[in-house]
Amino acid sequence: MSDNNYTPNSKIGKWFNDRLPLLTLANHLTDYPTPKNLNYWWTFGGILTFCLITQIITGLVLAMHYIADTKLAFASVEHIMRDVNYGWLIRYVHANGASMFFLAVYIHIFRSLFYGSYKSPREIIWILGIIIYLLMMAAAFMGYVLPWGQMSYWGATVITNLFSAIPFIGEGITTWLWGGYSVDNPTLTRFYALHYLIPFLILGLVVLHIWALHVPGNNNPAGIEIKKPSNDTVPFHPYIVVKDAFALLLFLIVFAFFVFYTPNILGHADNYIEANPLVTPAHIVPEWYLLPFYAILRSVPDKLMGVIAMFSAILILAALPWLDTSKVRSAIFRPLYKQFYWILVIDVLILGYVGAMPAEGLYLLIARIATAYYFIHFLIILPVLGLTEKTNPIPLSISEPVLAGSAMATKSLEKDKIENNLKSLG
Amino acid sequence: MKKIANILILIISILLIQNHSFSAETHKFLKTEWTFKGLFGKYDRASLQRGYQVYTEVCAACHSMQYLSYRNLAEPGGPEFSEQEVKVIAASFEVLDGPNSDGEMFMRPAKLSDKFVMPYDNVEASKAANGGAYPPDMSVLAKARKGGADYIYSLLLGYDDPPADIKLDDGVYYNKYMYGNKIKMSAPLSDDLIEYSDGTKATKEQMAKDITTFLMWSAEPHLETRHKTGFRVIVYLIILSILVYFTMKKIWSRVETKV
Chain A
6 MSDNNYTPNS KIGKWFNDRL PLLTLANHLT DYPTPKNLNY WWTFGGILTF
56 CLITQIITGL VLAMHYIADT KLAFASVEHI MRDVNYGWLI RYVHANGASM
106 FFLAVYIHIF RSLFYGSYKS PREIIWILGI IIYLLMMAAA FMGYVLPWGQ
156 MSYWGATVIT NLFSAIPFIG EGITTWLWGG YSVDNPTLTR FYALHYLIPF
206 LILGLVVLHI WALHVPGNNN PAGIEIKKPS NDTVPFHPYI VVKDAFALLL
256 FLIVFAFFVF YTPNILGHAD NYIEANPLVT PAHIVPEWYL LPFYAILRSV
306 PDKLMGVIAM FSAILILAAL PWLDTSKVRS AIFRPLYKQF YWILVIDVLI
356 LGYVGAMPAE GLYLLIARIA TAYYFIHFLI ILPVLGLTEK TNPIPLSISE
406 PVLAGSAMAT KSLEKDKIEN NLKSLG
Chain B
656 MKKIANILIL IISILLIQNH SFSAETHKFL KTEWTFKGLF GKYDRASLQR
706 GYQVYTEVCA ACHSMQYLSY RNLAEPGGPE FSEQEVKVIA ASFEVLDGPN
756 SDGEMFMRPA KLSDKFVMPY DNVEASKAAN GGAYPPDMSV LAKARKGGAD
806 YIYSLLLGYD DPPADIKLDD GVYYNKYMYG NKIKMSAPLS DDLIEYSDGT
856 KATKEQMAKD ITTFLMWSAE PHLETRHKTG FRVIVYLIIL SILVYFTMKK
906 IWSRVETKV
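Note that the protein sequences, when read in sequence, are chains A and B. Converting from the first sequence to my numbering requires adding 5 to each position, the first position being numbered 1. Converting from the second sequence to my numbering requires adding 655 to each position, the first position being numbered 1.
Worth flagging that the hints you see were computed from the coordinates, not collected in a lab. Owing to the predicted nature of the structure, the values given are computational and were not obtained by experimental measurement. Errors might be hidden in some of the hints.
As the list claims (entries may be wrong) - According to the in silico footprint, chain A covers these stretches of chain B (three or more CB under 8 Å from chain A):
#	region
1	742 to 749
2	756 to 764
3	886 to 892
4	904 to 913
Built from N, CA and C at the ideal position, the CB exists for glycine as well.
For reference, chain A alone in the conformation it holds in the complex (with noise of 0.2 Å):
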């Protein structure tokens, strides 16, 4: 990297970088070599950032006219959707929004386990991506629970309920939890100062995660470690900036379908019923992306081992550049590592469809399947195929693959370049 050698041109940039370097980073930034062969799956980070943004902003401005009383709550909501200008729009953005996340979340992450992004040298941008996705699920959960619907009051009583499974101190982290002897008042009003803090303590993550990258630059879908900057690489201002905004405007399209035209297709009707305590809902189902860790928990016949189970199959995440053996990163040569990261796919879509089914009969059944292949992926198949697999051969560059019908439109390229030097010498 050409960071350090990076003089602005002019005095009033000379002397301000000398005290504050920030034109070295914003060079570092444009400058950026990332591989050129990137796909569209790259681009959902910067689509994550936007989100990002997108939720603090708008959540900035609901936060003006919402109040965290139980008695008011609801009404508040009401009140943003009724009589605060274009208050439907923001509170439509920030509930579709968070689904829009999750969405983009998940196909971040997939992408990762497709090209083995998360192995060495790159296992701390994995696990603080990890922690990430941990402050996301947690920020979504409470902030189900402001509206103070039916589900709300449930969902959160179910979820803190969790916690009274640990032996001994169980019960006491739940009451300290709720502030309480039940969900109420107190539970309300902390879950709403945490969920303005939380997204601020994941935008500081998403800086180291940003930082972490930068280090050893962008993995790539050859998944190959590549010279930088080389033929293989291009700034990133403004190749992949042109790249995200263009993959940002189609999923933008995607979210403003759902924000105008079915706004609540992603909720529960029941969140429209104000919170009541002496009414059960007949199924308590938390929102989609929660649900494949909804159904291990309930796949699980003792509580305190479905606690387990659940909290595991996030952290199990954490411990994959270690359980992954193998030195291929890239599925594409990896033949069977391919077939079993599919039928993966499959398995956590099929936990997300019976987590929303009631947990009986045959959904029980499919969920404990799913449940035990989940863990047998990451626990079994993972470290042994590593070892056993036989890789295809994997390209020097990726120059290589991409060009290798076109050697001589490079050479040609080359001639015309050593061409123009010699002109310019004169």
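Fit chain B to the given chain A structure using the hints.
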């Protein structure tokens, strides 16, 4: 472009799979034409006005609409009564105000800014008057039931004689669309129950349709703006993406990699 299409298809199918899991236990609702569905859906003004009449003359005796104000009835995108008409409507209700300078509470005619007057002072009073069942507040009812408008329309017309194997207690009625088929509200609509001020024939179906439209509006008062804005936003985004696409192509033509 093919790759992008694949990604879009994947995103949409994931969302549809997830949605499907919510709507797995669908009942077959009665079908009727709603003007507010679709990309350009709008409320039928006349239907909203008739719906308000059904609400006041039939539902309002038991069901509150606590989040609505009288002024909403005159606002664009709603029934759009004239302000004069709404002032008259509001003035026909009495609200408790105060305390005045003597420290006394007093009754006065309602104003545009007042919330809809509630039929009961509190939930307990409404339960006591209705055999222990709470007539739900109807402000957001159309969003608070799975199936929304279709469900409410079907429920209103879904009263029937119970099958032989179902025994009903006193004050409990059989309804095909109610969760568990038992409902404590007697059939609220019958032909010619009310006389529409615009001369429309007040059949059961007509009233059910009008009140449902009214409830949909009360749950989503900004639906028309939302549809209109949404269309513009999406057209704008599509045009912008096309422009950015060609910009991207141009920029990437400098390197030998396809985007």
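Could you work out which earlier hints the structure fails to respect and list their numbers in ascending sequence?
-> 1, 2
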